[in-house]
Amino acid sequence: EAQVTQNPRYLITVTGKKLTVTCSQNMNHEYMSWYRQDPGLGLRQIYYSMNVEVTDKGDVPEGYKVSRKEKRNFPLILESPSPNQTSLYFCASNPLGLAGFTDTQYFGPGTRLTVL
Amino acid sequence: QKEVEQDPGPLSVPEGAIVSLNCTYSNSAFQYFMWYRQYSRKGPELLMYTYSSGNKEDGRFTAQVDKSSKYISLFIRDSQPSDSATYLCAIFKAAGNKLTFGGGTRVLVKP
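Here the protein sequences line up with chains A and B, keeping their order. Under the numbering used here, residues 106 to 221 are what the first sequence spells out, in order. Under the numbering used here, residues 1134 to 1244 are what the second sequence spells out, in order.
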């Protein structure tokens, strides 16, 4: 089954404690991205990657890091989480190009992060 | 100014009514206009997309784009309780594979 998996689904942590949210896809997609979703703000892109070892900042990258060492995995790293990073996070993957976004884009189930 | 603006709602309608959702955007370079539906505790799923001014229909859903006004709309006819969700507009720019979302409108269809 084609899917994007995220772990953990729920996480409560404290300020400053490094954490990683994993994202994995089994569809051999080139493009992967991370979004955060906050009430009234929709989804805002944090980072994206167009292929292995190719990553770039989205609209709200401050406080986050990513890596793309393998095509299937795209972990999101919070080196020193702060309360303003409390949010719902989604990973997504698709092939490059318009058809990738319209026909074969998959979102993960989301990770709800609370930073105290 | 946000690149894509969307009224957050909530929008509450009786079953069978027409749901009307709108977004405005600021960048004329945007090329493709998309609507997503997101159920509670789920990721967004694409409903439909269009790239030209005018209407596009898909079953009970109609997407409308007015590029001169930078205004996009989604209409849901004969709304059902199962249409209760958050609807997000998004705009795609092919250069850079850039997808920009609006804030989402929460819709509640009451039986």
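Heads up, some of the hints might be wrong.
To be verified - Quick list of in silico lysine to aspartate or glutamate cross-link-like pairs, DMTMM-like style, CA-CA up to 25 Å:
id, chain 1, residue 1, chain 2, residue 2
1, B, Lys1175, A, Asp164
2, B, Lys1226, A, Glu106
3, B, Lys1231, A, Glu175
4, A, Lys162, B, Asp1199
5, A, Lys162, B, Glu1136
6, B, Lys1231, B, Glu1136
7, B, Lys1243, A, Asp164
8, B, Lys1243, B, Asp1191
These aren't lab readings, by the way, just hints derived from the structure by calculation.
Lys1243 of chain B paired with Asp1191 of chain B [C-alpha distance capped at 25 Å]: Answer holds: Lys1243 of chain B to Asp1191 of chain B is near 23 Å, not above 25 Å.
Straight-line alpha-carbon gap Lys1243 of chain B to Asp164 of chain A, limit 25 Å: 36 Å, violated
Hinted pair Lys162 of chain A and Glu1136 of chain B, Cα distance within 25 Å: 17 Å, holds
Agreement of Lys1231 of chain B and Glu175 of chain A with the hint, judged by alpha carbon distance not exceeding 25 Å: 22 Å, holds
25 Å limit on alpha-carbon distance, applied to hinted pair Lys1226 of chain B and Glu106 of chain A: 29 Å, violated
Hint consistency between Lys1175 of chain B and Asp164 of chain A [alpha-carbon to alpha-carbon, up to 25 Å]: 22 Å, holds
Distance restraint between Lys162 of chain A and Asp1199 of chain B, which requires alpha-carbon spacing of 25 Å or less: Distance of about 30 Å is beyond 25 Å: violated.
Proposed proximity, Glu1136 of chain B with Lys1231 of chain B (alpha carbon, max 25 Å): Holds - the C-alpha atoms of Glu1136 of chain B and Lys1231 of chain B are around 12 Å apart, at most 25 Å.
Figure legend: structure checked against the earlier numbered hints; hints not met, in rising order: 2, 4 and 7.
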